[in-house]
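Q: Residue numbers (this note's numbering), protein chains in the order written: chain R, 1 to 111; chain Y, 1001 to 1615; chain B, 2001 to 2301; chain E, 3001 to 3481.
No wet-lab data here; the hints were simulated from the structure.
C-beta atoms are modelled at their ideal positions from N, C-alpha and C, and glycine is treated no differently.
Errors might be hidden in some of the hints.
As the list claims (entries may be wrong) - Only pairs whose alpha carbons sit at most 27 Å apart, straight line, appear in this in silico DSSO-like list of lysine-lysine: (1) Lys1094(Y) / Lys3425(E); (2) Lys3141(E) / Lys1570(Y); (3) Lys2174(B) / Lys2271(B).
Claimed, not checked - With the C-beta cut set under 8 Å, the calculated list includes, among others, these residues of chain R facing chain Y: (4) Val12; (5) Ile14; (6) Leu17; (7) Leu18; (8) Arg21; (9) Asn22; (10) Ile24.
As the list claims (entries may be wrong) - Just a sample of chain E residues kept apart from chain Y, beta carbon distances all over 12 Å, derived: (11) Ile3179; (12) Gly3306; (13) Gly3346.
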Amino acid sequence: MIQYFSIVLMLVGIYGLLSQRNVIKLIAALNIFEIGLNLFIVSIGFVKDGLVPILTSNNESSAMLYVDPLPHALVLTSIVIGVGVTALALALAKKMHDKYGTYDMDEMGGK
Amino acid sequence: MDFILSVPAIVVGLFAAAVLAYLLTKANKILGALITVLGSGAALAAMLMLKGDINSVQSLGALGFKLTDYGWFFSVLMLLIFFSVSFFNLYWMKKIIHPAAYNFLYLVALAGTVGAFTAKDFIGLFIFWETIVWASMFIIPFGKSRNASVVYYAFSAFGSLSMLFGILYLYSKTGSFDIQYVLEQASMNTTYALVAFITIGIAGLVKIGVFPFHLWLPKAHGNAPDTFSPILSGGLVKAGGFAAFLAVIVMPSYKVFASNALFLGRELAMPVPNYILVFLGAVSIVVGTLMAIKSEDFKKLIAYSSVANGGYIIIGIAIADSLSVGGAFMHMFAHALASAAAFLSAAAVVHRTGTTKMSELGGLIHRMPLTYLVYLIAIISMAGIPPMSGFISKWMLFQSMIGKGMVFTAAAAFFGSIGSFLYVFRPLSAVFLGQLSPKHESVKEAPFLMQVPMIGLSLLTLLFGVFPNIVLRFISDILKTAGLDGLTLNGLVISGTNGQLNPSLVSLIFGIGFFIALIIFIIHPKSRKVDLMDTYTASEFIYTPELLHYSYAFYAPFERLYENAPSTEKWYAALIKKIEEAGQLVSYTFFNNKPRIIVFWMVCAVIALLWGGSL
Amino acid sequence: MITGILTGFGILLFAFVWQTSLDGINRKIVGRFQKRIGPKWYQQFRDIFKALSKTGVTHGWVFDFGVMMALGGIMATVMFLPVVGYSAFPGMDNFFIFVYLLAVGMLGMAMSSVGSGNPLAGIGVMRALTQMVGYEVPFMIVILGIIFGHNTSSLSELAAIQQASGIMTWNLVKMPIGTVVAYISLLGMLGKKPFETFIAPAEIASGPMVEYGGKQLGMLMIMHEFATFIEVTLFVTLFLGGATTLFGFIAKYFVVYILASLISNALARFKIDQVIKFYYKVPITLAIVQALMVVFLGWGV
Amino acid sequence: MNTSFIILLIAVPLGAAFLSVLVKKLGKYFLGAAIGFNLAASGILAYDYVSPVIYEIGGFKPPYGISLVLDEYSLLGILLLNVVFALIAIMACKYIKKYEVVLSVALAALNGVILTGDLFNLFVFMEISAIAAYILTTMNKNIKYTFNYLVLGTLGSGLLLFGIAVIYNMFGSLNIMDIQNRMAIISYPVAGALVLPLALIFTGLSVEAKLLPFSGWARGVLKDSNSLVGTLIVSAFSAAVLLAFGRLIDSLFVMSDSLLIVFTVVTVGTLILAEIAAFSKKNLREILLFSSIAQSGLVVALFLQGLKSAALLVLINNVISKMILFTLAAKIGEDNGTDKLEDLKGVFLKNKVLGFGFTAAAMSLIGLPLFFGFIAKANVLVSLFEANNIWLPMVILIVSVIEGAYVVRMLTTLWNTGEEGELAKAEDAKQYKLTNKVRLTIIITIAAIAIVAAGILPLLQMNDWFNFDILSFLTDGLGGV
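Given these sequences and hints, build the entire structure.
A: See the structure below:
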C-alpha cells in the first residue's frame, strides 16, 4: 500500500515538472518526486512482522525475522544528496531571479 | 628483388617526398613545387622500370602490395598525369592559399593512388582510396569554392563507404581481405557476388561520376585549383574505372549472373546487373553531354564532358567482352591524356587572363597559339576524331555496342559522340577564336615549363592515335589475365566484331589529304592579311571587339529545348534541405531548454520503453 | 599501299569531276524549274577556279589552317570511299571512319570560319553543329541496324551483300523505314531545305561562309563538292546496293541527288530548334523502330 | 601491486577537495596534486596490472560492503579519464580559479563511477559528478540552462535510483557481480521481470550519457561553454558515464528481445537524429555537441550489441578527438567572439599548428584512414559483421556520410578564406584572432600526433588490427611490459 502511495507521489512530482513553469514550483516538484522515491526505497525494506534490525539482549537469535536495514541506509544518503541538489537549485533560482527579475521560466526569454 | 625498387618503396617514397615538399615549401615555395615534379617524375620512372616485376607481391607491415598488370597500367597512367601536371605547380604557388599543404597533399594523393592500384588486400585498397579522397578534399577548397569540397567528400564518402561495407561483409564471410581470393570466393556464391558487385560497383560509379552520382564532377573539377582539375578529371576519376573493372571483370560478375540475363540466346544477352550499369552509363552520356553544352564556364564544361566520357567507360566495362573492355581501357587512357591536356590548357589560359568564364575571353589564338593547339588536339581526341587516341577507343566501343545490337545504348552513345562536337567546339570558339578582347591585348603565351607537359600530353595523344597498338597490346594482355579473350591485333590493324581499323593508315591518308590541300593553298595567290575587326557587319560600324564576339549562351536555341528538364542538382539540393530541416526539427523538439517539454519527452520515452520492452 | 593511294587519287579525281558537273547540271535543272534558263553545266568549275585565282583576305593563320584542314580531311575521307568496286584500301572502308574523318573536315571549316572573328560565322557554326546532332543520331541508329544485320561495317562488303540478288536485297527494300530516315538525314547533311538553317543567306549572310573570298572560298567550294559526294555515295552504297558499273552508280547518284535538290526547292526553311524537334520526333522514332525490327525480329537481314 | 591505489584514486581528489575548502588559496595546488597523483596512480596500476582486483572498502566482503573493481575495463577507463582530465585542466587552467573544489570532487566522482562495483555507490558517484557538472556549468553565465540541466539530471538520477531500488527488491543485493550470480540461479525468466528496472536504469543513465530524447539539457549547457566546462562534459564526463553504462549493460542487462530492440531503437535513433541535427547546425560548438550526442548513441548501441571492445575504441576515439575539437572550438569562439562557421572563414591561417591539431582530430572523428578513428571504425564494422549484423553497419555508414559532410564543411571553412566562387586568399584572414598558448599548442600537438600514430602504427605492426581486442591488448601490451 505504501508502495503505491509512494509511486503516486512520484507521479505527482513528475506532473509538477510537466505542468509548472515557475522555478520554485519546479524545485518543489522535484522534491516531491524525491520524497516519493525515498518512501519507495524505505518501503522495500519492510518485512511483515519483522523486528528492528538491532541486536539487543531481547532478541539474540539471528533466526528472527528482521526488517531489511539496508534501504534505510540508502535513503539516508539519498536524502542528503537530495538536500544538496535542492540547495543548489535554490541558489540557482535566486541567481535567475537576480538576472531576469522573475521566476517564470517562459518569461526569461532566450532560445 | 630489393626493396629499393618496389611498389611499397614508391609509396613510402612518395609519402616521404610529401613531407619533404611540405618542409621545403615553407623555406621556398618554388623549391617545394619542384619536389612535386621530381617526386612524381621519379615515381613514374620507377613504376616504368617495374614493368618486369608484374605479379610480384610485397608487404609493408600489415599492408600487402601486389603489382597486377591492370594495376600497373592504371598506376603508370596516374603517375603520368600527376607528373605532367606537377610542372604547373611551379607557377601556382602564389595563387594557392596554403602552398605547403598543397604540395604535401598533392604527393599524398599520388601515393594513395599508387597504393590503391597496387594493393593486394581490399582493406589496403580502401585505406589508400580514402587517402586520395581526403587529400583531394583539402586541395579542392583552395580553389574557388568551399562547398565543392563538401559535395566532393559527401559523394566520395558514399562511394567508398559502400565499398567498405562490401569489403567487410565479404571479409566476415570469407575470412580474408585478399582481393584475388575474396573475389574468387564471391564468384562462387550469388549473394556474395551481388554484394560485391553492388558495393564496389557503387564506389566505381561514384568515383567515375556516373549518373546519378555525377554532380560532384562539375562542382569539384570546375572549382578546384586550376592545377588540380586535370588531376581530378584526368587521373583520379579513372579510379572509378578500376573499381568497376574489379567488380565486373575480375570477379567476374558477368559470369556469376550469366543465368539472370536479359535476352538470353541473343547476341545482346547480358546479365541484368550489367544492364543496369549500361543503362546508367547511357544516361550519364546524355546528361553529361547536355549539361556540358549548357555550361558557361570553361572548366565546368570539361568536367561535364568527363561525366559523359565516364559513361562510355562504364558501358565498355559492363558489356564485358574483350573489345568493349579493351575499348574502355583505351578510353580511360585516351580520355586521361586528353582531359588532362584540356584542363591544362584551361589552366594556362587562367594563368594569363585570370578567368575561366568563356564569355569574357576570345581570340586568344593570336596570343597563345600553342595553348590553342594543345586544346585542339585534346578536343579532337575527346570528340573521338582521328587521328587522335580518342577515336580508337570510341571505335572499339561502337563496334562492340553494334555487335551486340544495343539500340538504345548506342543511340545514347551516338548522341554523346555527336554532342561532344558541340561542347568541345564551344571553348575553342569562345576562348581561342573570335575577337580578341582589348584587355587581353598584352597576354603572352604560357611559360616554357608549362608548355612542356602540354606538348608532351598532346604528342602522346597523337602517338597513341596513330599507333594505338603500343597500348592495345598491353591492354590485350590485361584482358587475357582477367579471363577474357585478347584483342585481335595484327600489325597496325585492329579488328573488331564487324570491321577492321588501321589508324596509321587513316592518319597517313589524312596527312596526304592535308598535304594536297596545303599545295593547293600555296600555289594560289597570297591573301591579304586584314584585322579581325575588318569583317562583314552589314555596313554597320562596330568598334567594340567584345560586341562582335559570339560566345555567351552559345547553343541557346538548343538549350531552350531542355531547359525545363528535371535536374538531379535540384533533387540533391532538395534532399539536403530536407535533411537540414529534419535536423532543425530535432533540435527544436528535443533541445528547446524548456524543462517541462523535455520531461514530457522523457516520460513518453520511459512509457515507450516499458511498453515496448514488455511486448 | 602505293597502288591504294593512287586508287584513292583516282576516286578523288572522279568525285571532283562528277560531283562538280552534277552541281552544274543541278543548277540548270533548278533554273528550269524556276522558269530560268540556268547556267551551263560546267558553271560550277568556272566558279571554283575563278575563286581560286583571286586574291582574297585572311584573318590570321587559323583562318588558312582551318581551310586546309577542312579540305585535307574531306579529301582523305573520299579516298577511303569504295566506288564501283574500286576501293583504295579494301577492308578498311569502315563506316565509322567516314563519320569521324568527315568530322575533321567539318571541324577545320568551323575553326577557320569562327577564326575570322565574324559572329555570323559563329552563329552559323552553332547551327550547323546543332543540326548535326539532329540528323546524325537517327542516321547512325539506322546504320546500326544495317551493320548488325549484315555483321560487317565495311562499305564495300555491305554493297556486295546487297548486290547478291538484284533489287530485292537492297536495303531500300529490306529496310524501307530506315531508308526514309536516312534520306531525311541526308537532306540535313547536304544542307538542303528545309534543313538549310546553318547557311540561311538571308538571315546570317551564309553563316560560316560569310568571310570567305579568293582561294579560301575556292577550296571550301571544292570541299563542299567532296562532302556532298561522300554523303550521297554513302547513301547509295548503304541503301541502293552500291553499284557494279559506273553507269549504275552515276544513275543512282543522280536520282538521289537531284531528288534532294528538288525537295529542297519545294520547301521552306526550318528554324534551328524546329530542326532538332523534328529530327527527335519523327526520324528518330522510325529509326529506333527499324533498328528494333532488325535486332529483335531479324527483319531485313 | 599495491591495491590501495585503487581507493586512493577516489580518496586523494576528495581529500584535495576538503583541503581546498579549508585553505582556499592553495586550492590550485591541491587540485594539481590530486590530478598528478591520479595520473601517476593509474599509471602504476596499469603498469602493475596482472589480473582483475576487487578492492573491498573497509574490509567488508562483497556483497555486504562496497567494492571497487579494477579489471581491464575499468583500468582502461581510469587511464583514459585521468589523462583526459589532466590534459583539459592544463589546457584550460585559466578558468579553474574558484572552481578547484568542484573539479576535485568531479575527478573523485568520475573515478568512482568507473571503478565502483556497487549499484547504489554508482548512483552516489553519478549524482556527485552531476552536481559538480551543474556547478561547473554556472560558469557559462546562463543560469537558465544550468537549471534545466539540474532538473533533468535530478529527475534522471531519481529514475536511476528507482531502478536500482527495484533491482535490490528483486535480488536483495546491490553488488553488481553478486546480482549477476543471483540472476543465474533464479528459476523464473529473468528477462521479463527485469523490464521495469532496466528501462528505469537505462533512462537514468541516458540523461547523463546524452541519449535522445533525454538529453535536452546538452544544447543549452554546451553551446556557449568555455574550453573547461564544455570539454569536460563532452569528453571526461561522457567517457565515465558511458563506461558505467557499458559495465551495467555488460553485467546486468539481461534483456528480452523486445527490450533489446527498444533500447537499440533509442540508441540508433540518437545516432541518426543527432547527426542530422549536427548537419543542420552552423556553429562550431553546436555541431560538436550534437556530434558528441550521436557518438554516445553509437557507443551505447554497440554495448547493447555486446561489442565491448569496438564500443571502447569508438569511445576512446570520440573522447580524445572531442577533447581537442571542443577545446579549440571554444577557444576560437572566445578569441573571435563568435563560433559561427561563416564568420570564421580561414581562421586557422592565424595559427596553423592548432589548425593541424583540429584537423587531425576531426579526421579521426569521421574515421578516415591513417587516423585512429579509422581503426575504431573498422573494428566496429568487422565485429558487427562477425555478429551477423548487417543493418547496423549500413546505418553507421550512411550516417558517416552525413557526419563527414559537416566535418568537412567545418574543416574547409576554417582553413580557407573567400566567398563562394572566389579564390581563397591568405590576406582575407587578417581580422581573426587565434592566440598562441604554449601549453595548449604542446598538448594539442602531442594529442594530434598520437591520433595519427595510433592510426598508422597498427596498420604497419598488427596483422589483425581490424579485429583486435583493446582489453586484452591492454593487459598484454601495457600490463605485460
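Q: Each hint should be assessed against the structure and marked as holding or not.
A: Each hint, compared with the structure:
1. Lys1094(Y) / Lys3425(E): With Cα atoms ~10 Å apart, Lys1094(Y) and Lys3425(E) stay inside 27 Å; holds.
2. Lys3141(E) / Lys1570(Y): violated, 43 Å
3. Lys2174(B) / Lys2271(B): This hinted pair is violated, its Cα atoms lying about 33 Å apart.
4. Val12: This interface hint is violated because 13 Å lies over the 8 Å limit.
5. Ile14: Nearest chain Y Cβ about 6 Å off; hint holds.
6. Leu17: Holds, because the Cβ-Cβ distance from Leu17(R) to chain Y comes to roughly 5 Å (cut-off 8 Å).
7. Leu18: holds, 5 Å
8. Arg21: Holds: closest Cβ of chain Y sits about 7 Å from Arg21(R), inside 8 Å.
9. Asn22: violated, 11 Å
10. Ile24: Interface hint status for Ile24(R): violated (13 Å vs cutoff 8 Å).
11. Ile3179: holds, 19 Å
12. Gly3306: The assertion about Gly3306(E) holds, with a minimum of 16 Å to chain Y.
13. Gly3346: violated, 7 Å
Figure legend: structure checked against the earlier numbered hints; hints not met, in rising order: 2, 3, 4, 9, 10 and 13.
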